[in-house]
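**Student:** Residue numbers (our numbering), protein chains in the order written: chain A, 4 to 114; chain B, 701 to 813.
Misleading hints may appear alongside valid ones.
[Unchecked claim] Label-pair restraints from in silico Cβ distances:
{"no.": "1", "chain 1": "B", "residue 1": "P783", "chain 2": "A", "residue 2": "Q86", "range": "32 to 40 Å"}
{"no.": "2", "chain 1": "A", "residue 1": "A19", "chain 2": "B", "residue 2": "K753", "range": "46 to 54 Å"}
{"no.": "3", "chain 1": "B", "residue 1": "P783", "chain 2": "A", "residue 2": "A75", "range": "39 to 47 Å"}
{"no.": "4", "chain 1": "B", "residue 1": "K753", "chain 2": "A", "residue 2": "D84", "range": "43 to 51 Å"}
{"no.": "5", "chain 1": "A", "residue 1": "Q59", "chain 2": "B", "residue 2": "G714", "range": "39 to 47 Å"}
{"no.": "6", "chain 1": "B", "residue 1": "E752", "chain 2": "A", "residue 2": "L87", "range": "15 to 23 Å"}
{"no.": "7", "chain 1": "A", "residue 1": "D34", "chain 2": "B", "residue 2": "H710", "range": "34 to 42 Å"}
{"no.": "8", "chain 1": "A", "residue 1": "L87", "chain 2": "B", "residue 2": "N770", "range": "24 to 32 Å"}
None of these hints come from the bench; they were simulated from the model. Here a beta-carbon is modelled for each residue, glycine too, at the ideal position from N, C-alpha and C.
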Amino acid sequence: AQTVTQSQPEMSVQEAETVTLSCTYDTSESDYYLFWYKQPPSRQMILVIRQEAYKQQNATENRFSVNFQKAAKSFSLKISDSQLGDAAMYFCAYRPGKLVFGQGTRLTINP
Amino acid sequence: DTEVTQTPKHLVMGMTNKKSLKCEQHMGHRAMYWYKQKAKKPPELMFVYSYEKLSINESVPSRFSPECPNSSLLNLHLHALQPEDSALYLCASSQGLYTGELFFGEGSRLTVL
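Take these sequences, add in the hints, and give me the full structure.
**Tutor:** Here it is as structure tokens:
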């Protein structure tokens with residue numbers, strides 16, 4: 004069975020600092036997608052970044068970047084220059100087929 | 701602006717009521733999804749439609765009845781719900797059933813009294 008594990012239920016960071024959220028997954032597939040979604044209190048699930056497994060280069064989106072280690076089945080998210088608006092629940096997710104979510108990491112930004 | 705629109709945003713219903721949640725997308729996506737999310741938990745998949753046909757039903761109780769009238773619309777009909785069905789119901793769409801990311805709506809917050 005495909006599983007996604009986020010080992011940090013909660014994290015906090017000072018505004019303007021850098022924080023890394025961890026995610027590991029288990030799969031026997033060789034081709035798949037990995038995502039980080041953000042869900043602020045407004046509740047809409049927003050895509051932060053995506054990574055195709057066949058791409059060796061780590062994805063980046065402005066202040067967000069990932070460290071994708073396919074052999075280790077690890078997919079961490081780094082947020083640089085943290086801003087108050089980054090405060091949210093962050094979910095790591097895997098597909099093809101069903102989108103399998105991790106349990107989430109609640110990120111707090113301290114001013 | 702969200703490209704997946706859900707109505708209503710909030711719904712309160714009694715256990716004997718019949719109501720519906722609606723979802724619409726205009727991105728030309730061929731797969732649409734219903735998820736249920738309890739507080740502080742990840743979303744749980746309920747149903748998946750691909751090309752307007754039901755592809756996945758995650759053993760959801762029959763008091764939830766999905767419907768896909770066309771490629772842009774997805775409904776979730778609710779009847780005889782239980783208080784434990786109170787949750788945030790999220791609709792999502794994707795280009796295909798096995799590829800790409802899911803785009804989510806803002807959700808419908810359901811309270812069953």
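**Student:** Each hint should be assessed against the structure and marked as holding or not.
**Tutor:** These are the hints, each one checked on the structure:
no. : hint                           : result
1   : P783(B) <-> Q86(A): 32 to 40 Å : holds (38 Å)
2   : A19(A) <-> K753(B): 46 to 54 Å : holds (49 Å)
3   : P783(B) <-> A75(A): 39 to 47 Å : holds (43 Å)
4   : K753(B) <-> D84(A): 43 to 51 Å : holds (46 Å)
5   : Q59(A) <-> G714(B): 39 to 47 Å : violated (55 Å)
6   : E752(B) <-> L87(A): 15 to 23 Å : violated (42 Å)
7   : D34(A) <-> H710(B): 34 to 42 Å : holds (40 Å)
8   : L87(A) <-> N770(B): 24 to 32 Å : violated (41 Å)
When held up to the earlier numbered hints, the structure conflicts with 5, 6, 8 and fits the remainder.
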